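Trainee: Single-letter residue listing:
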Amino acid sequence: MRTDLAGQLAALTLEHLWLVAISMSIATGIGVPAGIWIAHRRPVRGWVLGFANVVETVPSLALFGFLIPIPLIGGIGKTTAVVALVLYALLPILRNTLAGVLGVDPAVRESALAMGMTRRQLLWRVELPLAASVILAGLRIAAVATIGTATIAAAIGAGGLGVFIFRGLASVDTVQILAGAVPAALMALAADGGLGWIEKQFGPA
Amino acid sequence: MPMSAIVAFRDVSYTIGGKQVLRNLNFEVQAGETLVLLGRSGSGKTTTLKMVNGLVRPTSGEVEVEGKPTGAWDPIRLRRGIGYVIQEVGLFPHFTVAGNVGLVPKLEGWSRAAIDKRVHELLEQVGLSPQDFAARRPRDLSGGERQRVGVARALAADPPLLLFDEPFGALDPVTRLELQRQFLRLRRSFSKTSIFVTHDVREALLIGTRIGLLEGGCLRLSATPSEFVEADLPEAKAFLACLDWKAEESS
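So the sequences go chain by chain: V and F.
Just so you know, the first sequence maps onto residues 1 to 205 in my numbering.
Just so you know, the second sequence maps onto residues 1 to 251 in my numbering.
These are calculated hints, taken from the structure and not from any lab test.
Heads up, some of the hints might be wrong.
Stated by the list, open to error - Result set (EDC-like, lysine to aspartate or glutamate): computed pairs, CA atoms no more than 20 Å apart in a straight line:
1. F:Lys106 - F:Asp74
2. F:Lys106 - V:Glu199
3. F:Lys50 - V:Glu110
4. F:Lys106 - F:Asp140
5. F:Lys192 - F:Asp172
6. F:Lys192 - F:Asp11
7. F:Lys192 - F:Glu124
8. F:Lys68 - F:Glu88
9. F:Lys50 - V:Asp105
As the list claims (entries may be wrong) - The following residues of chain F were derived to be distant from chain V, with all beta-carbon distances above 10 Å:
10. Gln20
11. Gly32
12. Ser41
13. Ser60
14. Glu66
15. His94
16. Ser129
17. Thr209
Claimed, not checked - Here's a subset of chain F near chain V, in silico, CB distances under 7 Å, partners left out:
18. Arg23
19. Asn26
20. Glu28
21. Ala72
22. Ile76
23. Arg79
24. Tyr84
25. Val104
Quantities reported herein were computed from a predicted structural model and do not represent experimental measurements.
Backbone N, C-alpha and C define an ideal beta-carbon position, used for all residues, glycine too.
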C-alpha cells in the first residue's frame, strides 16, 4: 500500500509538471509576443487586456466546466485543462510584458531610434533586455498560480496532483489530501525560487 | 551658396492635435556652422531639431539633409549619419560605457579592434580616462560624466552633422561650463556641422556661430551672436535681459 502510494505520487507529480510545463510554454509563447505587440498599439491594448482580465475573473472550476461542451478545445481530459490553464496564465504574462516594455525609459528608446536602430534591433537589443526582469516576474507569478490551479484540473479528468486531493476530499482522507497538496505546494515554492533566481540575474540594469 | 547647405528647412509647418507647433520655417545650415535654436519652452525648438533626423515629420513643407528631403532618405541611413545628444542623455543602462559609445560603429559592422580603438580615442577626447571609464555602467556615473559619454556616443561613427537638444541643461553650472568649453574645443578639432537647441542665451552666445530665435513656432531672427546682442526685436531683448537683469536692478 505504501509503495503503491509512492508510485502514484511520482506518476501524478510528473503528470502535474507536464500540465504546468505545456500550459506555461503556450501561455508564454502567446503572452510575451502579444504583450510586445500591444505595447506600441494603444487602441488594441484595452481590448486585449480587457479580455485577459475577464478570463481571470471567472472562477477556475467554472472555467473548466464552461470549456467541457466546446468542440475541439473542450471535452473531458488534458486538452481542456491546458486551454484553461493557458487562459489563466495569460494575464500576468501579458500585463508584465506590457509593463516591462512600456517601462523602458523614453529617452533610451528615443536615443536608440535616433542612432539608427531598426525596430527589430530596438526590440532585441534594448526593449527586451531592459524589460526582462519584469517579464520574468510575470512568468513567475503565472507559474506559481498555474501549479495551484492545475490541481483543480483533476475535476475534469486531466490528472495531476489534484487527483489525490479530490479523492481525499471524497473519502475524508487527510493523508490523501496532503499527498496532493504538499507536493503541489513544494512545486510552487521551487518554481517561485528558481524563477526568482533567474529574474535576479537579469536584475534592474 | 545653397550647394553647401547641409540642412535646409523649406516652408516647414507642423500641427499636432489641432495645435500649430511650427509655422513656415525657412532656414539653411551651412557646412561647419553651429546654429543655435534659442527659444522659450514650447517655442518649437525641439520639434524643429527632431525633424532633421526624421523623429518627427513635417505636416507640410520639406526638410532637406544634404540636399535630399528627409522623407526620401532611408531613415536608418539618415540617422546613422547624424549624431544626437539629448538632455536626458538616454544611455543604455544595460551596456557599459564602451558598449554605449561603440554602439553605432557596431551596428555599422566595424571590427572589434576598430571599435575598441575608436571608443578609446573618443573617451579621451571628451575628457574621460578610458582605463577608468570603459567598463563602467551608466548608473555609476555623475551627470556630467554621463553627458560626456553621450557626446562621445554621438561622435562615434564620425557623423558630419550633430544635433544637441539642451544637452547641458540638467547639469550644475560649473560642470555645464566645463562641457561647453569641451564642446568648443571639439568643434575646433573636428569640422562638424551642429544644430544646438537651448533656452539659455548665455550658452547660445558662447556656442553659436549663428542664432535662430524661435517664438511661437516662428523663426523671428537669424543672426550672428554679435548681431544678436544688438537686435531690436522684443523677444531678443527679453532673452538678452536675462544676461544683465542684475545690472538693471541696481541702476
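Trainee: Min Cβ distance, isoleucine 76 of chain F to chain V: is it shorter than 7 Å?
Mentor: With Cβ-Cβ at 5 Å, under 7 Å, it holds.
Trainee: Does the claim that serine 129 of chain F lies outside the interface with chain V hold up, using a Cβ gap greater than 10 Å?
Mentor: Per Cβ check, serine 129 of chain F is outside 10 Å of chain V; nearest 24 Å; holds.
Trainee: Hint arginine 79 of chain F vs chain V: min CB-CB distance below 7 Å?
Mentor: holds (4 Å)
Trainee: Let me know if the C-beta of tyrosine 84 of chain F comes in closer than 7 Å to any C-beta of chain V, holds or violated.
Mentor: holds (4 Å)
Trainee: Looking at serine 41 of chain F again, its CB stays over 10 Å from all of chain V?
Mentor: Non-interface label on serine 41 of chain F holds, nearest chain V Cβ at 17 Å vs cutoff 10 Å.
Trainee: Has the given pair, lysine 106 of chain F with aspartate 140 of chain F, been kept, meaning a C-alpha gap of at most 20 Å?
Mentor: violated (23 Å)
Trainee: Quick check on arginine 23 of chain F please, does its C-beta sit within 7 Å of some C-beta on chain V?
Mentor: Constraint on arginine 23 of chain F not satisfied, violated at 25 Å.
Trainee: Does aspartate 105 of chain V sit within 20 Å of lysine 50 of chain F, going by the straight-line distance between their CA atoms?
Mentor: Holds. Lysine 50 of chain F to aspartate 105 of chain V sits at ~18 Å (cutoff 20 Å).
Trainee: Mind verifying the non-interface call on serine 60 of chain F? Its CB should be farther than 10 Å from each CB in chain V.
Mentor: With a cut-off of 10 Å, serine 60 of chain F remains clear of chain V, as the shortest Cβ separation is near 23 Å.
Trainee: Would the non-interface assignment of histidine 94 of chain F survive a Cβ cutoff of 10 Å against chain V?
Mentor: violated (4 Å)
Trainee: Against chain V, is alanine 72 of chain F within 7 Å by beta-carbon distance?
Mentor: violated (16 Å)
Trainee: Does glutamate 28 of chain F meet its interface restraint, that is, does its C-beta lie within less than 7 Å of any C-beta in chain V?
Mentor: violated (22 Å)
Of the numbered hints given earlier, the model fails hints 2, 4, 5, 6, 8, 15, 18, 19, 20 and 21; all others are met.
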